[in-house]
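In the order they appear, the protein sequences are chains A and B. Going left to right, the first sequence walks through residues 1 to 1047 as full-length UniProt numbering numbers them. Going left to right, the second sequence walks through residues 1 to 418 as full-length UniProt numbering numbers them.
None of the hints are false.
Output of the computed footprint for chain B on chain A, the stretches with three or more beta carbons under 8 Å from beta carbons of chain B:
1. 149-160
2. 215-222
3. 315-321
4. 342-356
5. 604-616
Think of the hints as simulated: they come from the structure by calculation, not from any bench. No residue lacks a Cβ here, since even glycine has one placed at the ideal position from N, Cα and C.
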Amino acid sequence: MFGGFHAVKYIFIMFSSHRHDDLKEMLDSNKDSLKLEAMKRIVAMIARGKNASDLFPAVVKNVACKNIEVKKLVYVYLVRYAEEQQDLALLSISTFQRGLKDPNQLIRASALRVLSSIRVTIIVPIMMLAIKEAASDMSPYVRKTAAHAIPKLYSLDPEQKDQLIEVIEKLLADKTTLVAGSVVMAFEEVCPERIDLIHKNYRKLCNLLIDVEEWGQVVIINMLTRYARTQFLNPNINGGSGDKTFYGSDEDEDEDEEEKEKKPYVMDPDHRLLLRNTKPLLQSRNAAVVMAVAQLYFHLAPKAEVGVIAKALVRLLRSHSEVQYVVLQNVATMSIKRRGMFEPYLKSFYIRSTDPTQIKVLKLEVLTNLANETNISTILREFQTYIKSMDKDFVAATIQAIGRCATNISEVRDTCLNGLVQLLSNRDELVVAESVVVIKKLLQMQPEKHSDIIKHMAKLTDNIQVPMARASILWLIGEYCEHVPKIAPDVLRKMAKSFTNEEDIVKLQIINLAAKLYLTNSKQTKLLTQYVLNLAKYDQNYDIRDRARFIRQLIVPTEKSGALSKYAKKLFLALKPAPVLESPFKDRDHFQLGSLSHLLNAKAGGYQELPDWPEAAPDPSVRNVEVKESVRAVGTVTHRDTGALWGPQRMEGNSASGLESSSGSEESGSGSESEESKEASESEEEEEEEEEEQKKKKKKDLKKPRKHQRKSKPRKSESESESDEDEESESESSQSESEDSESEAEVKKKKKVQTRMTAHWSEFGNIIRVLFLSFLVEPAPSPQVTPVNTFLSNSLVTDLEGLSLSDSVLSPAVSVSYYFALKSYELLHRITGEGLSVEYCFSRQPFSPDANMVAVQMQFTNSASSDTKNLHIEDVKLQSGMRVKEFPEIELLPAGETATAVMGIDFCDSTQAANFQLCTHTRKFFVSIQPPVGELMRPVFLTENEFKKEQGQLMGMNEITEKLTLDVKCRNEHAIVQRVTTAANLSRVPCGSDKECRFAGRTVTSGSLVLVTVATKEEGAAQLTVNCEKMVIGTMLVKDILQALTQ
Amino acid sequence: MIHSLFVINHLGDIFLEKHWKSVISRSVCDYFFEAREKAVDPENVPPVLQTPHHYLISIYRGKLFFLSVIQTEVPPLFVIEFLHRVADTFQDYFGECSESVISDNVVIVYELLEEMLDNGFPLATESNVLKEMIRPPNILRSVVNTLTGGSNVGETLPQGQLSNIPWRRAGVKYTNNEAYFDVTEEIDAIVDKSGTTVSAEIQGVIEACVKLSGMPDLTMSFMNPRLLDDVSFHPCVRFRRWESERVLSFIPPDGNFTLMTYHISSQNLVAIPVYVKQSISFFEAGSCGRLDITIGPKQTMGKTVEDLKVTVHMPKAVLNANLTASQGNYTYDFTTKLLVWDIGKLNPQKLPNLRGSLSMQTGVPNPEENPSLNIDLKIQQLAISGLKVSRLDMYGEMYKPFKGVKYVTKAGKFQVRT
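Input sequences plus hints: build the corresponding full structure.
This is the structure in C-alpha cells:
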C-alpha cells in the first residue's frame, strides 16, 4: 500500500530529472528492503505504461535474489522487457534452469512460467527441453504449467509443432483434473485439427469434466462439441415430424422392429455420455460454463432434450449487463431455430425502463422471434407500452418489431397496421418516420386494400422531415399512384418546389415518382416531370445527375431512344415482391454459438468451423481404451463392451438357469447387435426409460454371479463384491458406461470403500489375526528399538479401551500392534534441556481425537534435581495445512520421574517438520518433530484381488519400481516383512505366492492408497514396487524401504 | 486468449495496463473511446468491439472500464466473466474497486493479475488461493513489513491449488467457530398501470460467512426444496447429492462466499408485497402536471415493510415538483430529473401518500409518455418465496459451531408502469 504512494511520488521525481539513478543505486545495494522498494516503483511504472527499459541491466542482476517478493517482481519485469533486450535477458536463463531443478514445486513451476514467457527465440531449445521435462514432473501443478508453456513456445516458434504435439499427447493422457483444462487449451491453440489425439482420452475427459476448474471446463466443452460433430451421427436425422413416433414407440417391441427396418438412429453411448456429464454444469455459477453447455446441447442434443438449457440461460439474464448482452444474442439465434424452447419464459424477456438500450433492443428481438398466433396479443400489448418510452432508439426498434410481427403473423396484420397508422400522428418525428418506413413495407403486401392509408401518408409530406420517411412516402405514392390518382400529381408539384432542398435519397425518389407519374398520367405531369429532371440534371450529386439522364432517355420517347422506352412502363411499374422482414439473427447458427464469431457474425481469427455431422459414423472403437483385466473385473466396462461381453454369456446363463427363457431367448435370438441398438435407443429416452434399462441391468447382475458360481469357485468373492457395487450405485446410471467413474461418484466411492473394508474385516479377520501372531513371534532385531509398553500413558490405555469397546473386530489388531518395536527419537537432550530429556516415537496408534493425525508419543524424563512444572506446548509453527493437537499440560514432573503423553500431528502427508516450543514453568525449548515418511500412513487391509485392482489403477506415474539386492540377513519372507513394516506403518496383504510380499496402507491425511510390493528372485535379487497417488510420498518411501532392506 | 488488460476511468484515462503476451500499444483503446463517445451512456458501450487487428471486450464496473484485448477466437462470456472476477477480486482485497484504490495498491494489483492469468489463460482465480499467495494489505502488516522487510508474497504453493477443493485454505483455525447464512430474495416485477402484475420473478441468493476450523463438511437442508428448480451453485456444492436428496452438501470456502443462487421464474406465482396507486398527468394548458402516489401493503405475510423508497425518472420537460408527502421526504433533482421519495417504514393504518403539482417548461409540448416508478423496499425475517432452511449439520470436525440463518426480502427491479 505504501509502495504505491511512494511510487507516485518518485515517478514524478524521476521524470523531472530524466534519470533512474536512484533506482539503480537501490537495486545495487545489498539490502533486500531497498531492492524491494525499487522493484515496487519499477513495477508501478510498468503498470502505468511508462518506459522502464533502461533499467534492464540493473534489474536482471537481481534475478537470483533470495527475497521471494523481489524475485517475483524481477520476473514481472523480465517478462515485460526481455523481448526488447534479448542479449541481456540471456543472463537470467541459468537462474531459471536452476529453478527447474528445485525441490519446491512452486519454484519449479514459476521458473518454467517465466522461462517460457520470455519471448527470446534463441532459447527455444532450452524451453523445449524444460517443457518436456516438466511434462513428466511429479507435481501436477508443474505439469499444468508445462501445458501452459506449450502455446507460448508455439507462438514463438511454430516449427516446434511436431515435438509439442508429442508433449500434448502425453499430457492429454494425464489423469489429474488440474492438468486437463490447460492441456486442452494447448491442444486448441497448437493442433486443433488433430482430433485423433482426443479419441483415447474422450471418455476420461467426459468423466473428469465436473471436477475440472471452471475455465478449463469451458475450453473442454467447446472442444468436445467439435469432436462430437465429427464422430457421432446427427441425433435429429429422422426429421422433425418423425421424431414423435420415434420417441413414442420404444415401449412397444413390435413397433421397434418396424423402426429398425427404417434404419433408426442409434445414439452412440459416448455421445450420450457427453450429454449426461455436461448437464449438471448448467448449474455452474460461471456464466461462461453455462453458455458452453448450452451451445453443446444446442448443437449436439436430440431436439427433445435441448429444452433444458432454456431455464439456465434465462437465469443468466439476471447477471451483469455484459453477460446479458452476450446471452441475449445467443438466445436470439436459438429462438429462431427452436422457438418452443423459450416460449414458457416469454415474460422474462419483458423490458424494463432501466435496461440499457442495447439490452432492450436485444430483448425486443427475442420477443419478436417468440411471437406466434397464441401469444401475439400479449406481446403487442407489451409493445404498446414500449412505444411510450422516453428512449427513442428503443421506440424505433419497437416499431420495427411490430412490423415484423405483422408480416410473420397474418392474423394481426391489420391490427398492427392500424396501430402504426395511429402512430403517424405521434408528436415525435422519429416515431412517425419509423412508422412510415414500416407501413411502407406492410402495404406492399396488399396495397389495394389500403388506399386511404396511402392518402393519409401523402398528407404527411408537409410535416415530416426525416429523409428516410419522406423517401418512403414518395416511393409508396409512386408505386401505387393508380390508387391515389388525384393526390399523386399534387405531391409531385410540392416536391418539385422543394427539390433543391431535399436530401439525396429523397431526390432520387422524387425522380422516381416523376417518372412513374409520367408513364401513367402524362397529361397532368409532363411538364412537372421535365422540370424535375432538369433540376436533377444540374444537381451536385453525380448519382442524381446520372439517374435523371437515364430516366429521361427511358421515358421520353425520342428518335434515338431505341427499343427500351417501349418497355419503360413494364420496367418501372413491374410487380415488386413484398419485402420479407427477417431477423438479423437468422442463420447465425452456422457459427458455433457462444463464440466470438457468432457474436460478431463474422469469422474471427483462429475460429474453428463447427463441422457438419458425418453421413456415417466413424469407427467408435477408437475411443476404447485398453482396460486392464483387474479394472474390467469391477464392472466399469463400457456399453459397447457390455454388448460384446455379455451377449453370449447371457445365453449361457439362460440355458443354465432355465429361468426367464421366454424373454431371454428373444433377446439372444436377435443377436448382440440388435441388443446394442435397442439399448442405445432406449438411452435416448428420458429417465423412465433409463430406469427400465437399469432394471434389465440388475437382472444381468443377478445372472452374473450365478454364472460365476457355476464356473469357478475361486472367483466367488470377486463377483460378490461386483454385484454389491452395482446395487449400491444403481442411482448413477452412468456406471455402466463410464470408463472410470471415480470422479463422478467420489462420495459414493468413499462409502463403498468403507463398506467393502468392513466386509473384508470380517472375512479376513482370521487371516489377519494369524498374520499378526506370526509377527509377534518374530524377535526384534534392531538395537535401537525399545519396547513401547513401558511408556504407555494411562490416557493412551483408556483410549485404547474405548476403541476396543467400539469395534470388536479392530481390537485384536490394535492391541497386537503395540508390541511392535518402535524407534524412538530424541526431541530434547538432557543437557540442552537442563535435566529434562524428551524422547518421542510414532506409536502407530490411531489418534482418537482426530483420525487425520499421526499420534506422537512423548516420554519426558526429569533427571534434574528439581521438579519441572507446567510442561506444555506453545507457539506452534507449521507449514500450511498442518495441524497439531497438543497433549494436555503435565502439571508436575517430579525430579527423577518419567511421564508420557501423546500428541497428534497432521503432517498433511508431507515430511515437513512441525516446529514448536516446549515450555516448562521456567524455560522454553525450540524443538521440532520430523516424521519419517513411513509414519505418515496407517495400515489398511486389502485382499489380494483388491490389491491387484487398486494397483492397476495406480500405474504410470504413480508407480515407482526399483531393483535391489537384499541384505544377507534379510533373505527370508519374515525378515522382509519385519523390515518393511518397521520402515513404514503398513499392513501385509495376504498373498498366494511366496516370492512376493505385499503391503498396503493409506496416508493419514488424504487417505491415498500406498501399495508396496517386494518380489524376490534368486540370490537376493529383488524388485521393489511402490504405487501411490502421492508421488512424493512414493519416492521417499521407496528410498526408506530400500535402505531398510539392503542394510 | 486474453492478451492485455487496460483499466480506464470515467474520464477516459488509462491508468493501468497489463500485458500477458507481447505488448500491445495503448492506442488500440482509441477504437473503444470512439465507441464510448457514440454510446453517450457508459452502459450502452457494446461489450464486444471489432477493430482491424484486435477484438476489444470490456465491462463497466464501479465507474471503471476493464478493457481486454484479444486477438483470436475466444468465447466472449469467458472474457467477460473473467473480467468480473478480476473486479470481484479487487473488491475482495481492497474493500472497493475504484481508481484510487487500484492506484494505491498498484503493485499488489499487478502481482494479482500476474497470478490470475498465465499467457492469457486463467490460472488461479479462487480468492482463497490468491490470498495465500499474495496477502491482502492491512495496516498492521504494512507496518510490520516496512520494519522487517517482510513481504506480502506467500512462499509455498497453496494446498488448495493442488487439491480437488481449491476454494478452501488448509489449516484454518478459529477460536469462535461460526457459520452464518443470509438468504436474500429480490423481487423483480413489472406492474402495469391498472395494478395487475405483468411479470414477477424472484432472484434468491444464499450468501454465507463461514468461519470454521479444519475441514468441516456441511449439509444444509430445506423445509421446501421443491421451490428450487432453477439453481446455480458455488463449485463446492456436491451436485449429485442435490440431485438425489435435495440437500446442499459442501466443504465451504473460508470466509465470505455465495453458496447458491436461485431463480423462481415468472411461471410461478410470486407474492407482491405492496400495491401502488398512482396518477401522473400533464395538462396541455397551463404547463403543469399533477402527481398522486399512494402505497399500501398487499402480501407482506404479516411482516413490516421497511426502507420503502420510490424513484421516478421524470420526462425532460418537468422543471420542478411541488409536492407534499404524508410520510417521509422527497427530493427532486433538476438536472437528472430524478424524483426520489424516501418513505421508510410502511404503516398499514396510515398509508403514505405523495401528491402535488409539477411545473413544466413552457412552450414545449407535453410529454406523451408517463414515467414509470421504481420501488425499493426491504422486509426482514422473510423470504417471500417461502423458502426455509430446516437444518444445518456439520461433519468431519469435533467442535460445535454457532450457526445462524437470516432472511431478507428486497425489491430488485420492481417497476410500476404508469
